[in-house]
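S.K.: These are the residues of each chain, in order.
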Amino acid sequence: MPESSAFAPQFASIPHRDHTAELGMWVFIATEVLLFGGLILAYFVYRHVFPQGFAEGSRHTEIVIGTANTAVLLTSSFLVAWAVEIFSPDTVRIVTWLLVGAACLGLVFIALKGIEYSKEYDEHLVPGIDFQFAGPLAHGVQLFFVFYFIATAIHALHMLIGICLLITLAVICRKAPTTRHHTALHSAALYWHFVDVVWIFLFALIYLPGRSSS
Amino acid sequence: MSDKNYLTTDYTLKSWFLTTDHKRIAILYFASLIFFFFIGGAAATAIRIELATPQADLVSSDVYNRLFTMHGIIMVWFFLIPSIPNTLGNFIVPLMIGARDLAFPRLNLMSWYIFMLGGCTTLFAIVAGGVDTGWTFYTPFSTLYSNSYVIVAAAGVFIAGFSSILTGLNFIVTIHRLRAPGLTWYRLPLFLWSLYATSVILVLATPVLAITLLLIATERFFGVGIFDPGIGGDPLLFQHLFWFYSHPAVYIMILPGMGVINELISCYSRKQVFGYKFVAWASLAIAAIGFLVWGHHMFVSGQSLIASLVFSFMSFIVAVPSAIKVFNWTATLHKGSIHFDAPMLYALAFIGLFTIGGLTGLFLACLAFDVHATDTYFVVAHFHYIMVGGMVTAYFGGLHYWWPKITGRLYSEYWARTAAVLIFFGFNLTFFPQFILGAEGMPRRYHVYPPEFQVWNVLSSGGAAILAVAYLMPLFYLGYSAFFGRRATANPWNAPGLEWQTSSPPPEFNFTTQPVVTRAPYQYNEDFQAEPQNA
Numbered sequence: 001m002p003e004s005s006a007f008a009p010q011f012a013s014i015p016h017r018d019h020t021a022e023l024g025m026w027v028f029i030a031t032e033v034l035l036f037g038g039l040i041l042a043y044f045v046y047r048h049v050f051p052q053g054f055a056e057g058s059r060h061t062e063i064v065i066g067t068a069n070t071a072v073l074l075t076s077s078f079l080v081a082w083a084v085e086i087f088s089p090d091t092v093r094i095v096t097w098l099l100v101g102a103a104c105l106g107l108v109f110i111a112l113k114g115i116e117y118s119k120e121y122d123e124h125l126v127p128g129i130d131f132q133f134a135g136p137l138a139h140g141v142q143l144f145f146v147f148y149f150i151a152t153a154i155h156a157l158h159m160l161i162g163i164c165l166l167i168t169l170a171v172i173c174r175k176a177p178t179t180r181h182h183t184a185l186h187s188a189a190l191y192w193h194f195v196d197v198v199w200i201f202l203f204a205l206i207y208l209p210g211r212s213s214s
Numbered sequence: 001m002s003d004k005n006y007l008t009t010d011y012t013l014k015s016w017f018l019t020t021d022h023k024r025i026a027i028l029y030f031a032s033l034i035f036f037f038f039i040g041g042a043a044a045t046a047i048r049i050e051l052a053t054p055q056a057d058l059v060s061s062d063v064y065n066r067l068f069t070m071h072g073i074i075m076v077w078f079f080l081i082p083s084i085p086n087t088l089g090n091f092i093v094p095l096m097i098g099a100r101d102l103a104f105p106r107l108n109l110m111s112w113y114i115f116m117l118g119g120c121t122t123l124f125a126i127v128a129g130g131v132d133t134g135w136t137f138y139t140p141f142s143t144l145y146s147n148s149y150v151i152v153a154a155a156g157v158f159i160a161g162f163s164s165i166l167t168g169l170n171f172i173v174t175i176h177r178l179r180a181p182g183l184t185w186y187r188l189p190l191f192l193w194s195l196y197a198t199s200v201i202l203v204l205a206t207p208v209l210a211i212t213l214l215l216i217a218t219e220r221f222f223g224v225g226i227f228d229p230g231i232g233g234d235p236l237l238f239q240h241l242f243w244f245y246s247h248p249a250v251y252i253m254i255l256p257g258m259g260v261i262n263e264l265i266s267c268y269s270r271k272q273v274f275g276y277k278f279v280a281w282a283s284l285a286i287a288a289i290g291f292l293v294w295g296h297h298m299f300v301s302g303q304s305l306i307a308s309l310v311f312s313f314m315s316f317i318v319a320v321p322s323a324i325k326v327f328n329w330t331a332t333l334h335k336g337s338i339h340f341d342a343p344m345l346y347a348l349a350f351i352g353l354f355t356i357g358g359l360t361g362l363f364l365a366c367l368a369f370d371v372h373a374t375d376t377y378f379v380v381a382h383f384h385y386i387m388v389g390g391m392v393t394a395y396f397g398g399l400h401y402w403w404p405k406i407t408g409r410l411y412s413e414y415w416a417r418t419a420a421v422l423i424f425f426g427f428n429l430t431f432f433p434q435f436i437l438g439a440e441g442m443p444r445r446y447h448v449y450p451p452e453f454q455v456w457n458v459l460s461s462g463g464a465a466i467l468a469v470a471y472l473m474p475l476f477y478l479g480y481s482a483f484f485g486r487r488a489t490a491n492p493w494n495a496p497g498l499e500w501q502t503s504s505p506p507p508e509f510n511f512t513t514q515p516v517v518t519r520a521p522y523q524y525n526e527d528f529q530a531e532p533q534n535a
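Same order as they appear, the protein sequences are chains A and B.
Under our numbering, the first residue of the first sequence carries the number 1, and numbering increases by one thereafter.
Under our numbering, the first residue of the second sequence carries the number 1, and numbering increases by one thereafter.
Chain A on its own, in the form it takes in the complex:
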């Protein structure tokens, strides 16, 4: 692969630079794990305090959309992994289309999320804006939806950043693919898979409690 002459002087060689970049992404993912970890910890604490409220809240989520979104996201992760795997100057066209496809699936995810949000709004389930829920479980259900909205909103924000990354890389890779772009693509892919993994955890925490018993 051709390599541009502009080269960061702090590195001894191109592989040195690429491994360093990759380590940077792993450390960044470590910090992201703690970000979602704090949130998930708080979720668990309140679920422990209000088990029935959380189960009830969970039964009011849209499991069809949630499941569809899981499938969409896993597929897009697969496309990204495929693009990383086959990246070379000869496969630029395919790589570009794979990335565009993954980004589009990301947008589908966001769109489905929007539909889900509007349904919940119609059912008066948005705390702080329009929340109406009667009965003894109201406190628990409200806390559940507070965490539901915060967690999914932060996740969606990460998705948007990821979509921008994938589209940018699709554009750059098209022009003059180098090992540098392969590293950038690999790092972006790590990020995208991380966002995917977070969703799998959120899916299990949000949609599944309370579904098995009824």
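Errors might be hidden in some of the hints.
[To be verified] Cβ-to-Cβ under 10 Å is the rule here; a few derived chain B residues that face chain A:
id	residue
1	Ile-172
2	Ala-205
3	Leu-209
4	Thr-218
5	Ala-331
6	Lys-335
7	Ile-338
[As the list claims (entries may be wrong)] Which residues of chain A face chain B? A few of them, derived with a C-beta cut under 7 Å, are:
id	residue
8	Pro-9
9	Gln-10
10	Ile-14
11	Leu-23
12	Val-27
13	Ala-30
14	Leu-35
15	Leu-39
16	Val-45
17	His-48
18	Leu-143
19	Val-146
Note that these hints are calculated values from the structure, not bench results.
Every residue, glycine too, gets a C-beta built ideally from N, C-alpha and C.
Dock chain B against chain A, hints included.
M.R.: Relative to the frame of chain A, chain B by itself:
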């Protein structure tokens, strides 16, 4: 002497504000930190003037609340946490490991801009009306009752957190990947071990603070309960999440200080650091155990007794690696060829003040005593001994030690020693009386108090006046030296570290040829040649 160095490569404003050179970014941080230090210091001055008399003569209770909150927020997040890592660390890390720059230079610059954005947001909160929650933002006060700019201030801290994370990330990757040939982990200067441990805390603890602040802002903005007990939320959960960051944050402040002290002690006693490996691993041990002690901030909050016992035990344990360091510094001094230069005076002051701070920390780790001392001036004195007596003193020591490398000039040794002694004296006079005040029961955060506490408060305020003068002095003699000081040689202290192998100030990419390391660190010989300028 080479004619082009990092300061003279270009003089335009653009070359400073768009630089990716770690040394220039360190200078940018340095300038911003001086600014924040004096804002935080001004608030402290107002607090100490108010407390000189038992009545409320100067400010109302509301203004007083806003003053100590501003002092805390600015000093903790915009001075203490970024001070050594972002200025000295940014400057020295690549030099010490023989690299040409940090691993991610553009990320480094971005982190300064994020830091400034966070700082300006917080300053806006202060100008717009201030915050009265205390720097800890305790719920439900901060979410329900506080009538102030909590969201804006929290947003400022939230933003600054990203800057911390990016700096920590940059250091971890740089230390892993960019070490010069031959520079194995056990040949790494101890300053780098401590910065590595600090970076691990920055990367793993800061995001938890970020999510906590986000939850506070959500609760306040949307009026939904997360920490509000009224709808089933738990204010204690806030304290758990907050201190999960903020206790390790204390080690973010003190660990780099300890790292600096290793360099100073060995240089000015011309000896290898005693027990190098123990000191190195003690840094990592402090970082690791530091994550397990946050609950000692909550002994009287109503958490379970078992939890309190466990946290009390862990807090005692964290004293072990800290003590290892102190004993190893004193062992390094033993039979050393000791030179009482200004950085050494700062280092010795650090050891004394840190030891007092650390030992009183053990008092507070003890459950029974903590119940008595919670929210009194005893706690205030304790953490100022660690954070100001320890961290700020180490920062000044490091600044003087590396000053010739940073600016290429020597400062006035006479004034530097005077300032060091004044800081030590003023500091003790300010904060030692506060131990007595606390033990006698004066609560923190009150601006009126019974007249019998006045003697100690007057002593404390008098000490603060000396301390204020002593902190202003370096501004003048270092400022003078930066422009008119005598030229420094590449290695004025005759030290063996890699950062002294290049010219002072260093050229743009640090080294003209890649250095190769063949020896263990701190291989000092006796012939010390520093500071002939007073002759």
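S.K.: Confirm or reject each hint.
M.R.: Hints, verified against the model:
no. : hint    : in the structure
1   : Ile-172 : 5 Å, holds
2   : Ala-205 : 7 Å, holds
3   : Leu-209 : 8 Å, holds
4   : Thr-218 : 6 Å, holds
5   : Ala-331 : 35 Å, violated
6   : Lys-335 : 40 Å, violated
7   : Ile-338 : 37 Å, violated
8   : Pro-9   : 5 Å, holds
9   : Gln-10  : 4 Å, holds
10  : Ile-14  : 13 Å, violated
11  : Leu-23  : 5 Å, holds
12  : Val-27  : 5 Å, holds
13  : Ala-30  : 6 Å, holds
14  : Leu-35  : 4 Å, holds
15  : Leu-39  : 5 Å, holds
16  : Val-45  : 6 Å, holds
17  : His-48  : 11 Å, violated
18  : Leu-143 : 6 Å, holds
19  : Val-146 : 5 Å, holds
Hint violations for this structure: numbers 5, 6, 7, 10, 17, all remaining hints satisfied.
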